[in-house]
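Put the complex together from the two separate chains, hints included.
These protein sequence lines are chains A and B, in that order. Going by my numbering, the first sequence opens with residue 1, and the numbers climb by one from there. Going by my numbering, the second sequence opens with residue 314, and the numbers climb by one from there.
Hints were generated in silico from the structure; no laboratory data involved. Incorrect hints may appear among the rest.
Said to hold, decoys possible - Incomplete in silico selection of chain B near chain A, CB under 8 Å:
hint: 1; residue: Arg340
hint: 2; residue: His347
hint: 3; residue: Leu355
hint: 4; residue: Leu358
hint: 5; residue: Arg360
hint: 6; residue: Phe1070
Claimed, not checked - Partial list, computed: chain A residues near chain B (C-beta under 7 Å):
hint: 7; residue: Thr238
hint: 8; residue: Phe240
hint: 9; residue: Tyr260
hint: 10; residue: Val264
hint: 11; residue: Ala300
Don't be surprised by glycine CBs; every beta carbon is placed ideally from N, CA and C.
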Amino acid sequence: MVFQDSQELKKYLDPKVLSKITRLDLQARLVVEGFISGLHRSPFHGYSVEFASHRQYVPGDDTKHIDWKVQAKTDRYYIKQYEEETNLKATFVLDASESMHYGSENGDAGLTKYQYAAAVAASLAFLLLQQQDSTGLAIFDEDLRQYLPASGSVNQIKSIVHAMDITQPKAKTSIEDICHSLAEKIPRRGLVCLVSDLFCDIDGVIRGLEHFRHYDHEVLVLHIMDQDELDFPFQGNTMFRGLEAMGDLLVEPRALREGYLKAVEEFCLQVKRRCIARRIDYKRISTADHMDAALLAFLAARTAATRKAGAKR
Amino acid sequence: MPFVHPLIFTIGACCVAAPIIIHLLNRRRFRLRHWAAMQFLLDSLRRNRRRLRVEEMILLAMRCLAVLLLALAIARFTGCAATSVLPGMSGPRATVYILDNSYSMLQKSAATSLFENARHDLAQRIRQSSRSEKVAVLMGADADGKSALFDLNYVTEPASLAARLESLDASDGRLALAEALARSGKLLANEAGARQVVVLTDCRKIDLAPATAQSPLRKEFAALRKSGVSVEVLDYGQESRKNLTIESIELVDRFAVANVPFNVAVTVRNNGSANLENVALTPRMVLPGQPDQTVVLPVQVIPSLESGQSTRAVFEVASRNPGSAVVSVEAAGDDLQTDNRAHLALDIRKVTRVLIVDGNTDPTDRTESESFFLNKVLDPRGDGAFGVRTDVISSDTLGGANFADYDAVALLDVADFPASVAAGPATRPTVAYPQLKALEEYVRGGGGLILFTGGHINLDFYNGPFYAAGAGLLPYRVGPHKGRPGQTDTYVRLAPASIANHNIMQAFTRFAAEGSDVTSLVRFFAFTPTEEPHGVVLPPEVKAPQVLAAFADGQNSPAVITRRFGQGEVVMFCTTASKRWNDWPSDEVGTYAVIMHETVKFVARSALQGLTARVGRPIDYTLPGDLLDARATLKTPHFPADDLVTLVAQRQGAKAGHLSYAATDAAGVYWLELALPDRSVKKVLFARNIDPVEGDLTCGGRPSLEAALGSGDFAYAEKSAAGGEAPAAAAQKEYWLLAALAALVLLAGETFLGQKFGHYAGRKAAAERLP
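Chain B on its own, in the form it takes in the complex (with noise of 0.2 Å):
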């Protein structure tokens, strides 16, 4: 109700009856009077009959009307719809409040949060605000705005909203102020009167910058502006003494397999002013098959972390179990909890799976294949015992592989692709490589390929299709082989000088690092040379290639080269996988077995597939053929306070389909369950995590404001507790002066009615009785 005494309105409602009930009771009070001149009272009363009903219904609606207004009054009206026709009553008439509730606004603050103080100021200025004001409150960590807490409109009840925001909980998002000016905007671009914006922020320095002419935040206040909207900042910031943000957690390997240790690796800045020692980092893990269970990890600790600087802790974990998995790591408290705490889901594999396809079989001899020392090194028994369970295939069955059923695809000396010939519209036939475009995709989706080069490559094909001008999974260009295969009395080595300083080389590099040059123990007898390419402009999905080694035949021959495809990664040998150009596959001191493993370690799909992510990216998930007539049900990290989510899969033909998971907006674990019919459930854990950039609390204030919005043309008040400065609340809109005004004029008009009605003496008449 539009006041600030409901019950005395209510109560003043009821007398409104006053007026009546005194004229009835009135009438039943009278005088007697025994008169003579009868006559011409009766004839006054005929004449004027109609006249005096009139008179008298006008006289007790004003009365009426009067007890009315004097109850609006005393109850403190604050205004309705049609308060804001009344002439000079054109105060704000929309307004919206833009609320930060971007983590860093629960930086403690005494016993609340910056957060607390904001939405209780804002839940006062609801509860005060006029009823002929609209209102809106956007949410300014929601950068589209879709979870407007209250859209521009009449507040009917100001309670009920005001509950809602006290309620209401900081999100784990970042502020994105000039996305919710501009939304501000809109809402306001077709109100008539005053319009006014209202941002209670904390001002961060981090989240005002850059601050450039052409920043989005420059332009929607400048376009705010322009339209005649006033902005208001109530700055709720503080300065941190301490802070501690987590800014990353990663797998150091790119994916984990059951058994075998995989590193983790924490970033922790210190985001407060004073420098801290013994930062502990305690590690937990929620374990695959035991999804109910945390494992508390043994707590790293930093030594010293100095204020604005970032250290990096790598600890080792391992699991028993394949299987989905979440390593979680919490900061000790400080003054902003929320990004002391960070989650990494993972997908523990049983065993990396490798695709190798021979491009040189022997089907009398396997030692002579081209696969056999790669398939021996990754899988020597055949059952995944070492972490990678290896499928052999011969190239002239490529085009029935399926790789997205593997990890990483090997092609040793393959010669091409099957390819299909289709005619062109220029009568020359138009030949298409069906399994390249897939192996393409593949490795583009994130999956590995590792070539071997040898004896039988089509030059063509892989400086054609496969090359695709730079565009292609081809690093470089090749040319025909040098050396002489089968000849061991001339051969090159590996330059030691050109060992890159990367995890598939450390089988060279550990030994250089111990004194030893073991390159000296590997001889290669022929090698593909390759060619660099100048003046190619890669697409932005490709990167440059990088040489990790390089052969010591004067040139610098690239001996491995690896690029970046998509999210995926090629490595490129550029000899053989077996013994027919090298003699790698049985050097002395293992490298081949270490090296193979650390490029398929490398180069295989990750594990890491959107498992992990910020807050906001969408949880997306494939369900094979298997699990689609699962039930999939979701938990949010706020369960069991918030329901579970059903999600309902979408079909991607027979074999397949897709879950897809927008709304999450909460930092934390997010637990897919998929129960098939069989009552076994499948469950998948994903992590979200915060943007740590919010984690800088360093204050901007007013000047970094003004330069933000290249414009002083704005209120702003300080609201911190550290400034001392009470919030003070909006000037209420009231209209009690106005009614009480009202009905004094009201009351003076029916006095002055009443006495020219003749129903009051008037001072003359009353003069005039006196002797």
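Isolated chain A (complex conformation) (with noise of 0.2 Å):
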């Protein structure tokens, strides 16, 4: 598949287009082409370092690569090629509990909390191993179902969407025991991104991304919440069912929507503060924003962890 305009491809960004791509590892690809087309602007650039080899010059090749020393010897214009290294283990963290199931049935966006934390895993899964990163995935309910330990290969990105493909979510949620099982499995100290609603205990989430930070991992979360989660926009007699045998609530919804939208933001604005105490990076995400949300606050998790390396080396 060949896309001829950046613009193009930023229209795969928006979570309503990317809804109508039913395979995963494509939508993650079309996300990445499509972030990546336009950083141009972007202050995010240049992490790969050791040099390769050179090639000329062709039109469209950015001018800050053309090396001036070639030139001035050789009168051609040649572009410094670098090989990327791998300096970064990230796994991905998804929950797969059943309130992730929950996607706005209005609208035409018709992505699942699941189906969208799984896009933007993948994506990102997808742009690091095309950084020669290396990629896991661990897949959570109550337990963990799926574990993929992190892995440069070509391939890891087939399993982690294969992976992400075969899980249905059913279950309740238990953040913290698989932060505490998932801690003492990775080996190495890296990145770690937990892309879930954090429907669950919210002491115990910290308490496992703590165990995180205590083997010195980068914590990313990225706080999945459907776009009628932020605005609880329903009317008329509702009966509420709720997932992860919650429960039903028979409410006039109009009634509850201040009282909702004001428990939900002090959530929202608790776990950030006590993320931010933790030096956990934290980012709320709806299903009705645009992929590249998601993908900046990684990239601004990775640079900051990238920094960090650099001033321990």
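Right, here's the structure in full:
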């Protein structure tokens, strides 16, 4: 598949567009390529460092990579090419509890929180693998359903996507236990990205994340929430049937909206504060948001991790 | 109910439950939504449970109230006591309606009458009046307001009151507008807010006169306006082209006696604008002893009667039997039927009873007694065959006489009355004449007194207590007799020119009209001179004496004098009733007998003692001793539509009782039936007639009204059909607009609160949800 126009690629950052693509690996590739094509104004560049060879300049290449010394000697334009190195082990911890199965029924988005989270995780994994980084995946609900240790192999993305595809969200969440378990499983420090709606005991979540931090992992929390959960736009008598066995509640939603939104904001604010207090990057993402929000958040965290690593070296 | 459409309100009131039912049904209808963020929802619910319940109740109450208000609006709520406290609802809070129910309102108007039009309009006003308005309905012809149809109060059942009005009949009374305004002022005196008096009347000129500054009407109207009461007059009056009014019906004589023809006079007035010819009057009579049968008497025809003219028709009536009877007269139909009838109740006597007190009896020769000739001419056979029954007593037994048993008393040469002496306060004895007092009371009450003088009269007594400085029974002071009794060579006659045109003297006047002077047949050898008083102030009940004949003695000394004393009559002959001082009893043409009979007719107690009167005058009947145990019932003219009235006698000692009935508002015949324990029944008839003044249907209109009220500060509307103005109903005081506005405000408030409470999605929130 050849994309002639970067603007055309960027549309795949829109979850509405992305929802029309059923293959997750394709989703990931499109997201990443769309994201990369939009980075010409981004400060996030130059993270591969090992020089490999020269090649002749062709129109369209960035002029900053032109080797001017060679041009002075040969009067020809050559581009420096670098061999990327793998210095990051990223593990995506993907929540596959029943609450992640929720998705807006109205609108065209059509992505459940799990699908959105999987797309985000797959895209990041694809991006990292493209950069020769190692990428791993852990899918969990009450238990750890799937675990793929970090690897930089070419087939890793296929394994990750397959694991995501075969997983169906249906059970309760137990983030703390999973975090403790994974913290012991991931041998080398790296980047741990928790993609979840965090609908569970927040103290437990924080304790679990602290465990990662204890092993000096960089931790990124991508808090995925459906737009309905952020807006609560319902009208008329509604019987809310709680996922993860939370019971039923018949209410007039408009009457509870204000209180609900306040509770959500308080929750998100509390999570964010406690994450920041533990130097955990936190980003709340709506399933209505474009994918680049997640990718930018990830890159910011990645940059921080890289700087930190450089500083240590 | 205070609604124009009560049924709609009933349905609407039932719909108040609709919001509650909808609310309950809505709880059964819901969408199912799987939800992840349940913990936040539960948290919100836990925090807001109480607030939500309160908000829900508030909204539910507002919805119910809005439905109720809409029901009020659609049912056209007309207010209640509570609405009067609303700002801007200060319409008339108290209205007194004066409905003129005088009989002039019964004037025909097309197919109805003025009264029907007025009462219909009033009923409409009552139906449409606000429930916050106090209303009173007074009857204008009821002077003291004792029969107010509705006292000042809130009308809770306007339909009921309107139905009562629609079934109301006019009275037979006159409009008493001043009294009605006075009563309205009293009713409204303690009312706050706007007050109004609405008069529905025909504005007859006769009702509005006299328009003087001191007239009660002006005073009452001024008092009303001064106290801030507005007055509205609705004039239903119409001119009448043809209207006869029987002004009076009367017995020409003072009484009627069985088997003796008596005359009844009827005065008829043409109150219409057209001259009438051949006016037929139909007399009818309820005969004594046959109260259930009415005899139609010959029709009396008045050849012509011009507009505004009155004429008197006299016709003769006779009855074989004594007893209670009624003569009625009815004129032909015209615009106002009520004043075309009149009734005369009579007590037809078997005989006229006369007590003759002889002051000069001769037990050896009755022909020498003073009373011989008088007794012979009045009751020759002593059986009352000539209509008069006499009892003769000596003046010595005067003290035991009961005057009330007689229709007339004749004193013949009675010296004086028995006196009783009592010690006075200043050691001087006080002389009293109890029989004289009794006689005065008797005459004052309607009895008749015939006086003859003679040689035995005590001048001190006559000029003293009998004359009583002009206030007594004796018309003039008397002096010692003139002439020589027994000497027939000197005499005086009556002066022909002095003979008055009076019933008593018709024996002389009739012959005089025929060219004969019969006074020359009578000689008076002696007579009692009288002294005409000067500067005497008579009490109101005593009229000035009238001389009916005088002696031709050169000084025209009064020979026959009459005077009214109370309701009775006194006739004094200044000579003897016997032939001691004259030869009158034996005159050749019999003038003595005629004049004596005429005198008895003139003075005898009237047969009309309260039997016939105007409407409103109470019926009073004195029960004799033999009827004290009778059960008294009264049939009013409206019987059998009205129930029998049972009367209870008030005992006056052991031998008499008194029956009274005051509610004689209806014109017609009242039948008093006295049922005795032996099952015999005595019937006494009474008649009450309308006031003929009300029969003058001349319209006064606004000018007369202004003149009568002394101000034009009142609202006036002509309601006559001739004027072509359709009766405009009073502005209907309804609150439907207010209720509708309140409902809309309530619904707006409910919507606002619903959004405020979060029960509704506001426009902003809805916009936020749009992509």
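**Hint check against the structure, violated hint numbers in rising order** = 11
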